[in-house]
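Visitor: Please build the complete structure, drawing on both the sequences and the hints.
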Amino acid sequence: MLICANKSHLFPRVISIAISSQKGGVGKTTLSINLAHAFARAGLNTLLVDADPQGSVGLSLTRQSRLLSGFYDFLADPGIPMERLIVPTRLETFSLVAAGQASDYEAGNGSSGSHLARVRAFLRNASARRYDVCLIDTAAGLFGVTNDTIASADALIIPQQAEPLGIRSVPKLLEGLNRLRIINPHLNVLGVCLTMLQKNLAESTEADFSLRQLLPPEMLFTTSIPRDDIFIRASAKGLPVGVMDGGEGAEAVFDSLRAEIQGKLEKSQQRTAFNAH
Amino acid sequence: MDQVNPWLDPSEVRHLAEQLLRPVAPARLAAADPGFDKAFVGFTNPNRQSVETLPPEEEATPTPPLYQAAPPEAPTAKIPPGIIVTNEPEPAPSAPEPEPTQRTIPNLPKPVREEEQAFTPAPPQSAPTKTRFLKRIEIFRNWLAKNFNATDIFILDREGKVIFDESGHGRLHFMARNLALASRNTEVQGGNVHVKIGPEAILEVIPCETPYGRIVLGALVPEPLAAQHVGTITEVLVQTASPG
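Going line by line, the protein sequences match chains A and B.
Read in order, the letters of the first sequence are residues 42 to 318 in this note's numbering.
Read in order, the letters of the second sequence are residues 901 to 1144 in this note's numbering.
The set of hints was computed from the structure by calculation and includes no laboratory data.
Quantities reported herein were computed from a predicted structural model and do not represent experimental measurements.
Careful: at least some of the hints might be erroneous.
[Stated by the list, open to error] Here's a subset of chain A near chain B, in silico, CB distances under 8 Å, partners left out:
(1) L215
(2) N219
(3) V230
(4) L256
(5) E292
[As the list claims (entries may be wrong)] Here are the simulated DSBU-like pairs of lysine-lysine, each with C-alpha atoms no more than 35 Å apart in a straight line:
(6) A:K305 with A:K213
(7) A:K240 with A:K308
(8) A:K64 with A:K305
(9) B:K1046 with A:K213
(10) A:K213 with A:K240
(11) B:K1061 with A:K64
Beta carbons are placed, not taken as given, at the ideal position from N, Cα and C, and that holds for glycine.
Guide: Rendered as structure tokens:
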């Protein structure tokens, strides 16, 4: 079952999903790339947007990333046609937009609200180009363009590294998201996805257990992303993990996550339709 | 649990998470907000688009120049309904020159120059200083009311706290804060924003950089302010809010 089109609150067609976390280094980019690949393989026209000024998506997937115009160039000049930003991939249903060359300038990330209208204009343009899903890999922390992205997106996924320190940052993140929902009341918080889970490390499994005790079950994905060397090998080759030799296991994990996301989105759409009646 | 639990309040975390899962009541941001009391003129049409759903054409315009306002002499009849963000380019050179402001500006203290300010830490606000400041604000308020038929004037500081208020509408402050935030541009001084909230009532929001940081002026006016008037008001407000 695929995501139903025309269900976005702000944009006619595309479902925009921000991938954001309070802490850096939790595997946001790995999750974004491989999840986008999973959506694209499922037949959904998918756009992966690098909204992290570090430009990790571009650095992971294309050698030309330092030359490409991208998301931050659009924020600086919304007159740039989308065609100049969209980078096709070998998979017809998978395209990406790099962070762009203006990202150095924007590294400070500006203040919240300053780019809200332009982020929304970007998503409207993506919607007009008939994308079904737009995944946005944001910079860590809740400020600046990341806030504006979350305040514009339909849904949010929170990657969280399965380790104690990361979990201690959860309350701060939840507080920030509650504040952002005042600006974007339609934001559908899909939940926390545990990443870099190490089943052979007690601290990691305890962190997993603790988080599952702390949060309501709807707030957590049952699928966790394991720590696996194949992710490093995949990014070294500039590929999603699914196309690597021996990547079938990791591919199945992201397929499972994709199915969970679709299930959550469909559920919330049904809830919205029910409330409308 | 020991590595996590002592650092967190589980009930607080659960409460925050549950809050995120609950739908936000649409009334919270509805335009026809019943939170306004009976004295409030209300919104003309709740179905009109909000500042966050501007058409793409608005966005295609280049970054606006230094502080900017509504088109000069914009007649009310031509203004599109709902919220209008007026970060438009400055009028062409052929446009009428702004009126000289000296005649109408009250005699206000000279603003502190930037280089002076850099070496002069702001003194703590003693009671007489505060009184003097409020007196200057009062003069500014009277000038604004007299020259622009402004009512319900309020001023918020950079954190959104009320410095001066005669409106008594907390929701109006909330809206002004959000509008100011939405119009904010880090590269240039923020332009003014206005929203029609009644048949003859426009909430005009003018963010303004002062030596004490950004403040936001809000006022109800009968029609949107022209660019030169916004410039004049900004200038006077900066003088008013500068240490004197």
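Visitor: Indicate, hint by hint, whether the structure satisfies it.
Guide: Hints and how they fare:
1. L215: holds (4 Å)
2. N219: N219 of chain A check passes; min Cβ-Cβ to chain B is 5 Å, inside 8 Å.
3. V230: holds (5 Å)
4. L256: Check passed: Cβ of L256 of chain A comes within 5 Å of chain B, closer than 8 Å.
5. E292: violated (30 Å)
6. A:K305 with A:K213: holds (24 Å)
7. A:K240 with A:K308: Distance ~31 Å between K240 of chain A and K308 of chain A Cα, so the pair holds.
8. A:K64 with A:K305: holds (24 Å)
9. B:K1046 with A:K213: Between K1046 of chain B and K213 of chain A the Cα gap is close to 47 Å, so the pair fails against 35 Å, i.e. violated.
10. A:K213 with A:K240: Satisfied, since the Cα-Cα distance of roughly 27 Å is no more than 35 Å.
11. B:K1061 with A:K64: holds (30 Å)
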